[in-house]
Amino acid sequence: MDYSREPHGLYFMIDNKSFYASVESIERGLNPLKSCLIVMSEADNTGTGLVLAASPTAKRLFGISNVSRQYEVPRDPRILVVPPRMNLYIQKNLAINKIFRQYVADSDLFPYSIDESILDMTKSWRLFGKTPEEVARRIQLRVRRELGLYTTVGIGENPVQAKLALDLQAKHDHDLIGRLTYEDFGEHIWPMTNLEKVWSIGHRTAAHLQRLGIHSMGDLAHVNPYELRHEMGLIGTQLFALSWGIDRTELGNVRPPKEKSWSNSQVLPRDYKRQSEIELVLREIGQQVTSRMRHHHQQAGCVSLFVGFAWDGEADDGRGGLHHTHRIDPTDNAHDIIAELIRLFRQYWEGQPVRNIGVGLSRLSASQNLQLDLFQNPERQIKNNQFDRVIDELRDRFGKTAVIPASSLLRGGTMLRRSALVGGHNGGNSFD
Amino acid sequence: MGGIVLIDTRKEAQIVVERLDPLFTAQWHCRYRIDVVYNQFGHGFNFFLDIRRKNHRERSIPLHTVRSTDLEILENVIDQVKQQTDLTLNFVDFGKVRWPRSQRWIR
Chain A
1 MDYSREPHGL
11 YFMIDNKSFY
21 ASVESIERGL
31 NPLKSCLIVM
41 SEADNTGTGL
51 VLAASPTAKR
61 LFGISNVSRQ
71 YEVPRDPRIL
81 VVPPRMNLYI
91 QKNLAINKIF
101 RQYVADSDLF
111 PYSIDESILD
121 MTKSWRLFGK
131 TPEEVARRIQ
141 LRVRRELGLY
151 TTVGIGENPV
161 QAKLALDLQA
171 KHDHDLIGRL
181 TYEDFGEHIW
191 PMTNLEKVWS
201 IGHRTAAHLQ
211 RLGIHSMGDL
221 AHVNPYELRH
231 EMGLIGTQLF
241 ALSWGIDRTE
251 LGNVRPPKEK
261 SWSNSQVLPR
271 DYKRQSEIEL
281 VLREIGQQVT
291 SRMRHHHQQA
301 GCVSLFVGFA
311 WDGEADDGRG
321 GLHHTHRIDP
331 TDNAHDIIAE
341 LIRLFRQYWE
351 GQPVRNIGVG
361 LSRLSASQNL
371 QLDLFQNPER
381 QIKNNQFDRV
391 IDELRDRFGK
401 TAVIPASSLL
411 RGGTMLRRSA
421 LVGGHNGGNS
431 FD
Chain B
1 MGGIVLIDTR
11 KEAQIVVERL
21 DPLFTAQWHC
31 RYRIDVVYNQ
41 FGHGFNFFLD
51 IRRKNHRERS
61 IPLHTVRSTD
71 LEILENVIDQ
81 VKQQTDLTLN
91 FVDFGKVRWP
101 RSQRWIR
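Protein chains in written order, with the numbering used here: chain A, 1 to 432; chain B, 1 to 107.
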């Protein structure tokens, strides 16, 4: 393989070791690597509890993994259980990225998730050390000294190498640093046979590859890329590039998605069987999505409704849920959108118990002036429109729960309880 | 933040006690303890309620953070918390230092 024309940069992919659990350990004066701590969410819709993060020691001693359920965790007094504080983790993430900014220009830092960031060190690494490893070590020590957190660094000549170096090498390395280059990529990656461990290969893709007789990264690198493309489509080409450590992404050059859309969904705290309760939540979500869209001065020409059935409902007719989309006249009016959602729901729902509801708005356009409908009372239309905007303003100024429909107080409403959550979990105490 | 922040110790103690109240349910065979942690990275003092019950997992629930590293302020808060609860206080990561006012060892 001729790599001479591929981009040769230097990328760091840095992640925090057991981020939530580490933050909570430090807050309690415990060493993040030695403490046996798990962060457990007990939000309404997580059942009896869901493990959001486990410290390395908890993982090792008890085999607890993230997203374990409460009942899977042994009742052992050595395990320390703490509730999540999402706002605190967001603050810590900002603090970490602030440290990273001292090593790269703002435009070369790409936060990837709540605990991972990509740093394009191509231009700046020589300022901080003789080798990339030395620079990585320096950043690790700095984060450890200022925030107490342990970080893992993957180094590569392009982003995908950095990501694989992080996932496959650094996490098992004593210094928590891993490095891949074009030259040694095959040597380190090709022997891998557990394809699911490799970034971007999921359960189904791995199974598909197995069926094609591809059982290791080395096999993948030595198939005919045209045949792979024929079999798997564009993904085939991407996987082939992955197996050779090739990534031509220019991170600074973000392409906006062709068609943007707004959507919200939620898992309900229990199975909802009564139509009125389901419709109540549907209204709440409809209200929320429309309001988000209005904040971006847009209107939707298409609404979609997703309803996921509870397990026992699924047994009835073999369907896991329903998904329907319908075109409408472009509007940003919550009342109209909700009416459409309810209509869709009533048309297709056949009494199955529901556990999952989602609403999407697409075919967006800039909302300009109100387009009056010739056949309806114009004053009423103007009033409806103003009503939505006043509600938006009230919520912006006084918080999401400043005004709520009285119906949200009925049994089944989830809006009030959810308004205190961040990313679906407890945000932490106020005034902190 | 930035600049000088005035801390009302009475209010801080009140927040701790108010959050403690619904959590301290006084169960049998259960040990309750308030952990006070000096967090050198977060520049403050963290309060947690630690609950340990026989044959159960230990639980630690955040109560409050006093955003100051001034021991005098903490001493005031602690005095007021002590007036309203008899739970054991456990001081973590303070090292061997004395309270500025009472001159007793922090422990």
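Treat the hints with care, as some may be off.
[Said to hold, decoys possible] Just a few of them, taken from the derived set where beta-carbon distance is under 10 Å, the chain B residues facing chain A:
#1 G42
#2 K54
#3 V92
#4 K96
In short, the hints are calculated from the structure, not lab data. Every residue gets a Cβ at the ideal spot worked out from N, C-alpha and C, and that includes glycine.
Exercise for review: Please flag the earlier hints that this structure goes against, numbers listed from lowest up.
Suggested key: Per hint list: single violation, 4.
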